[in-house]
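Residue numbers (this note's numbering), protein chains in the order written: chain A, 1 to 232; chain B, 1 to 432.
For the record, the hints were derived by calculation from the structure and aren't laboratory data.
A couple of the hints might just be wrong.
What the hints assert, rightly or not - Taking beta-carbon pairs under 8 Å as the criterion, some of the chain A residues facing chain B (in silico): (1) Glu-84; (2) Ile-88; (3) Pro-103; (4) Ala-169; (5) Thr-173; (6) Arg-177; (7) Ala-178; (8) Leu-182; (9) Val-184; (10) Ala-186; (11) Gly-214; (12) Thr-215; (13) Gln-220; (14) Thr-226.
Small disclaimer: the values here were computed from a predicted structure and weren't measured.
Quick reminder that beta carbons are idealized off the backbone N, C-alpha and C, glycines included.
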Amino acid sequence: LATIAAASVLGSLSCSTTQPTSAGPQVVAVTASAFGLVQVFLVYEKFEDVSQPPDGVPDLFRAYECVPQNQFVSVSIPWPYSAEAAVIRAGTVDEIIVAASEPFSNLTPYDTATPQPVSDLAPSPPFYFINGVQTTTASPFFLERCRPGVTFEPSNILGQPVVFEFELAQGDTFVFRARKQLIVDASPYAQIPLSVPDMTANFFVDGRQVTPSGTTSDSQDGGGFTASVSTR
Amino acid sequence: VRWLAASKLAVLVGLASLALAATPIVEAQDPEQPQGETPEKETPPEEAPPAPEEAAPKPAAPKKDTGLGTFFFEIDDWIAQPSGLEYRAATVRNPTDPWENAVATVEQNGAPGWYLRGGFGLHDDVGDIVLSYYRHTEDRHLESLTPGEFLYGEITTAGLFAGVNLDGLADGFSAETVTRIRDFRVDFARQAFESKGVSGKWLVGYRDMSHYRSLDTAYFAIAPNLPPILPPAASPRNDLIPRPDTAQISSSYEGRGLEAGFDVRFKVWRDKVWFDTGVVMAVLQGTMSTAYRSTTHFYGVVDQSGEIFIVPPPYDSFNECDFQGCFVDSVVQIATPVGVQDQSQSEEGSIIETNLALRYRFWKTAEFVVGYRSASYENVGQDLRTAEVEVGNQLIFASDGTLLLRLNPVTLERSPRSVEYEGVYFGVAFGF
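In isolation and in its complexed conformation, chain A is listed as follows (with noise of 0.2 Å):
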């Protein structure tokens, strides 16, 4: 009977085996940013020519000059969203929320492009408008030039500045929901673009730009996608 039982210990073991996994963690990282038609502006300093006589020279600076072009261009856009991300363990069917903002906390990056110099404008003595610059409403330069006395908040992604990192193990998926603030709801921000923000989310694996499952981008006002990527 030992015998028997000992062969039955062995035959049972031959039948189960655990193959043990070899990868290591991995990171993902999330993206989002926005899109929306803008207009341009040309943004150029305004100085006085406070001599008496007046001489022609420039000199003291009174405010910024915003003139609006009839030129609209599509560009990265603040705008606001709601996002929450979640994991679900390899061998599991179980969501666990690893990050959630408050409503419309998060606000995709401005279009940071450097904005281009261009000729100065004509002046109107003893005003002057010099050093001019063509930007565009999304853009910093312009908003803290062109909007005083609006606060803008620094971009942000889940309280991360403009990407979200989250370490997974060996299948795990990673989910990322989002939702934009909705056209009527925003303040200020609002008018800036004249088209409904078009938000697009980037998935990276340990550095390489991944496809998830599900949608990475939505056009219409106030809505959203959710995306997951899988670590194989």
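With chain A's structure known, arrange chain B on it following the hints.
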């Protein structure tokens, strides 16, 4: 029979008691002439002056008539692997070829189980009374999870509203199978012929068996990537997390009937090693009980009059918000259960059991046995399914607050199931 079927332990204790009771009788017998000898295992071959010059029928050796005969029992560890169960849990979608979807089947492994035999040989070579008992339970689990990749077809559900996207697909599934068999037989065996080195026995008897099989499956939408339920939608909405679609298919069979068979024994080496082979066939009459349950889900909206509207995928409408709120705020997840049970149908089954064994007498009346056995149980299971269902019109609140919309079975389909146990066995046999 019922007492014996209670447990292996009971059988062992019973056989041990018989052996103890037989001890004085054995002492009174001629050790060289054991009375009665079962075909394959059993008796002390060494005591049975086996085959020496057994060309002619066994001579009527002088025997002491004790009123009983020789007792024997054998205990085998049969590493049997059930097969042919057809536990099909899901299909696996081939993304490039719609004609080449695979089937995910819950495979069974070999698991050891005791096969017990015992009995006694009637005096004057009238024959042997042999009792056999076998019980085997196999629990298996199969799971495959691919979050976000909807590859698995929900083939065991009722079909309607299957899959979070109502396309019958899931991104993960889990299947549990339970297979149980209990087989008891009592036979009368008698020698048919005996020549030099070869002897044969026929047997007839009664067989009583039961078989249970079940397949429980759950299909998940682990990463359904639904439109986000975030502000301004009222969140969280845990009730909208897709619930798994589930299905349970089970059947239980109790059958009994008569059997007949034949065993042949070949002497291989001196009086130490024998080769046994045998076949037994049984015809059973019994009762089959089957059950089927399926639950699928869909997203819907219920208006004030109670009318139900299905929200079709893709669920972009979840995203539609205005200053009063979002459409998703009025969406609910509705379960659609359906089930059917069919009790005590009369069904005929059959069994064919064969075995090959090598026996080695290592001590007086004790043998070591190694062999291969196959037992095929035909039509001892059944899968019952709803083939066609209709949607009910009454919404019910379950005790947990879940909204239920019953599906009504319209037509059923039945699939007969069989099972075959096969594998090697090894054990010991003793005679008294």
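Right, here's what the structure says about each hint:
1. The criterion of a C-beta within 8 Å of any C-beta in chain B is met by Glu-84 of chain A, whose closest approach is roughly 6 Å, and the hint holds.
2. A cut of 8 Å between beta carbons decides the hint on Ile-88 of chain A: the least distance to chain B is about 5 Å, and the hint holds.
3. For Pro-103 of chain A, the interface hint holds, since its Cβ comes within 8 Å of a Cβ in chain B; the closest pair sits about 4 Å apart.
4. Below 8 Å, beta-carbon pairs count as interface contacts, and Ala-169 of chain A has none with chain B, the closest being about 13 Å; its hint is therefore violated.
5. A hinted interface residue such as Thr-173 of chain A counts as satisfied when its beta carbon comes closer than 8 Å to some beta carbon of chain B; here the least separation is about 4 Å, so the hint holds.
6. Among the interface hints, the one on Arg-177 of chain A holds; its C-beta lies about 4 Å from the nearest C-beta in chain B, closer than the 8 Å criterion.
7. Taken as an interface hint, Ala-178 of chain A checks out: its beta carbon lies about 6 Å from the nearest beta carbon of chain B, inside 8 Å.
8. Because the smallest distance between the Cβ of Leu-182 of chain A and any Cβ of chain B comes to about 6 Å, under 8 Å, the interface hint for this residue holds.
9. Contact between Val-184 of chain A and chain B, as hinted, is supported at the beta carbon level, the nearest pair being about 7 Å apart and thus within 8 Å.
10. Hint status for Ala-186 of chain A: violated, given a least beta-carbon distance of 12 Å to chain B, over 8 Å.
11. Annotation: interface hint on Gly-214 of chain A holds; nearest CB of chain B at approximately 3 Å, less than 8 Å.
12. Checking Thr-215 of chain A against chain B: minimum C-beta separation of about 7 Å stays under 8 Å; hint holds.
13. The criterion of a C-beta within 8 Å of any C-beta in chain B is met by Gln-220 of chain A, whose closest approach is roughly 6 Å, and the hint holds.
14. Checking Thr-226 of chain A against chain B: minimum C-beta separation of about 4 Å stays under 8 Å; hint holds.
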